[in-house]
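Start from the sequences and build out the full structure, keeping to the hints where you can.
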Amino acid sequence: MSKTPKSIETRYMEEREQLFRGLHNLDRRSFLRVSSAAAAAAVVSGMTPHSFSPIRIARAAGPGKDLRIAYISDSHLYRTELNDRFVRSILRAVDDVNKLDPQPDFVFYGGDLAQLGQAEELELGAQILKEVKAPVRMMVGEHDWYLDMGEKWQELFGAPTYSFDLKGVHFVVLNSVIEEDFWTPRGLSPMERMRTVAGLDNHNQRSFTVGAEQRKWLEKDLSAFKSDQPLVVFSHSPLYKLYKNWNFWTDDADEVQAILQRFKKVTVIHGHTHQVLSNHIGNIDFHGLLSTAWPWPYAPQGLPELTIQMDRPDPFNPSDGCGDGEIYVHPDGLVDKVYRLWNRNPITVPASYLKSQGKKDRPPATTRGSY
Numbered sequence: 464m465s466k467t468p469k470s471i472e473t474r475y476m477e478e479r480e481q482l483f484r485g486l487h488n489l490d491r492r493s494f495l496r497v498s499s500a501a502a503a504a505a506v507v508s509g510m511t512p513h514s515f516s517p518i519r520i521a522r523a524a525g526p527g528k529d530l531r532i533a534y535i536s537d538s539h540l541y542r543t544e545l546n547d548r549f550v551r552s553i554l555r556a557v558d559d560v561n562k563l564d565p566q567p568d569f570v571f572y573g574g575d576l577a578q579l580g581q582a583e584e585l586e587l588g589a590q591i592l593k594e595v596k597a598p599v600r601m602m603v604g605e606h607d608w609y610l611d612m613g614e615k616w617q618e619l620f621g622a623p624t625y626s627f628d629l630k631g632v633h634f635v636v637l638n639s640v641i642e643e644d645f646w647t648p649r650g651l652s653p654m655e656r657m658r659t660v661a662g663l664d665n666h667n668q669r670s671f672t673v674g675a676e677q678r679k680w681l682e683k684d685l686s687a688f689k690s691d692q693p694l695v696v697f698s699h700s701p702l703y704k705l706y707k708n709w710n711f712w713t714d715d716a717d718e719v720q721a722i723l724q725r726f727k728k729v730t731v732i733h734g735h736t737h738q739v740l741s742n743h744i745g746n747i748d749f750h751g752l753l754s755t756a757w758p759w760p761y762a763p764q765g766l767p768e769l770t771i772q773m774d775r776p777d778p779f780n781p782s783d784g785c786g787d788g789e790i791y792v793h794p795d796g797l798v799d800k801v802y803r804l805w806n807r808n809p810i811t812v813p814a815s816y817l818k819s820q821g822k823k824d825r826p827p828a829t830t831r832g833s834y
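According to this note's numbering, the sequence shown holds residues 464 to 834 in order.
Derived by calculation from the structure, the hints in this document are not laboratory data.
Fair warning: this is a prediction, and the values are worked out from it, not measured in the lab.
Any given hint could be a false lead.
As the list claims (entries may be wrong) - Distance condition first, Cα-Cα at most 20 Å in a straight line; then the derived EDC-like pairs of lysine to aspartate or glutamate: (1) 683 with 717; (2) 630 with 529; (3) 630 with 691; (4) 593 with 618; (5) 707 with 664; (6) 823 with 795.
To be verified - Computed Cβ-Cβ distance ranges for the label pairs, DEER-style: (7) 682 with 780: 40 to 48 Å; (8) 822 with 764: 19 to 27 Å; (9) 686 with 825: 33 to 41 Å; (10) 628 with 778: 40 to 48 Å; (11) 765 with 682: 22 to 30 Å; (12) 777 with 614: 37 to 45 Å; (13) 820 with 686: 26 to 34 Å; (14) 778 with 686: 44 to 52 Å; (15) 725 with 628: 12 to 20 Å.
Think of the CB as a built atom: it goes at the ideal place given N, C-alpha and C, for glycine as much as any other residue.
Okay, structure coming up:
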């Protein structure tokens, strides 16, 4: 007597249970199997699997040298027994960037790899990111930091503040989520501190800062460069003051901008806000990063005028409003920023749009209201 064939969903659930138990020992074969399971889950849940075909934009950083970055950000991983949806989402993003042809110069991770900064969460994320083909550069987020004040993060990924040079561009990575000590006077445990910061409730914590020590480091790091040096800065929180109640805000942003002011053109790329977000202040262009976990609504005030608002996500589709993307760096350090929304058409915010204060090359308007 023949057995009744198992449904796709049943097969996926069985394979998921087997594979996620072994994620901490992930190898190439296991990764490919988990990615396949994630794709099957996407079909079962009604999500359209994303085809990450590279957009063709000819850009150069120096004669004949293309500089292209892919990015993944804000995955907010829990332990798999608590939440495997976010695990499947970061696997999907890794699969996206590994399919790029040609491969990017590096893949940038924009912070908040973990949800509660627990060792298991960070180790899981580190193991998954080992499967990225291109070199990976990491940035810390507040969800990665405040359980143990960055101890596990630094063990896995090194210092949170650093710089490097590639193809004529100077890159700086900052830890912009430093908060004044609000926990000691209140007698909070490490997990209580972590949950307070993760809640983004600015009434119960302090605002994010880069801090005096890092600002001094930044000045020293940039002192050797002339004003025409192409410069790209990565920070987790936006280096401007967007909306304080949600901590979409960096308290000493004005002071950091002043350090960057002598450079002719600067690009700042930030995570944290989980949305398509663009701004231009003085000599600086700002671009946000998409999240692989969930989209944030736009703040009720402070939204930069140059932002091309993303479509309102479908509340019944958990991947809608999420994604990853690419950054094409011009010779002068300005960028064409590609938002690869998984369930929408990509949005490209070109350098010419921000440079012209929105007068040139405006990206197409969204097809339905923002959220």
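Against the structure, the hints:
Under the criterion of a C-alpha separation no larger than 20 Å, the hint pairing residue 683 with residue 717 is consistent with the structure, at around 18 Å. As the CA atoms of residue 630 and residue 529 are separated by approximately 8 Å, the hinted pair is consistent with the 20 Å bound. Distance check on the hinted pair: residue 630 and residue 691 sit about 15 Å apart at the alpha-carbon level, within 20 Å; holds. This hinted pair checks out: residue 593 and residue 618 have alpha carbons roughly 15 Å apart, not beyond 20 Å.
The straight-line distance between the Cα atoms of residue 707 and residue 664 is roughly 9 Å, inside the 20 Å bound, and the hint therefore holds. Of the supplied pair hints, the one linking residue 823 and residue 795 holds, its CA atoms being roughly 18 Å apart against a limit of 20 Å. Our hint of 40 to 48 Å for residue 682 and residue 780 holds, since their Cβ atoms are close to 46 Å apart. The given range of 19 to 27 Å is respected by residue 822 and residue 764, whose C-beta atoms sit roughly 25 Å from each other.
Restraint check, residue 686 to residue 825: a C-beta distance of roughly 37 Å satisfies the suggested window 33 to 41 Å. A beta carbon spacing of about 44 Å between residue 628 and residue 778 agrees with the range 40 to 48 Å that was offered as a hint. A C-beta distance of roughly 28 Å is found between residue 765 and residue 682, which places it inside the suggested range of 22 to 30 Å. A hinted range of 37 to 45 Å for the beta carbons of residue 777 and residue 614 is consistent with their spacing of about 39 Å.
The hinted window of 26 to 34 Å between residue 820 and residue 686 holds, with their beta carbons roughly 30 Å apart. A hinted range of 44 to 52 Å holds for the C-beta pair residue 778 and residue 686, which are about 49 Å apart. In this structure, residue 725 and residue 628 meet the distance hint of 12 to 20 Å, their C-beta atoms being roughly 18 Å apart.
Checked against the numbered hints listed earlier, the structure breaks none of them; every hint is satisfied.
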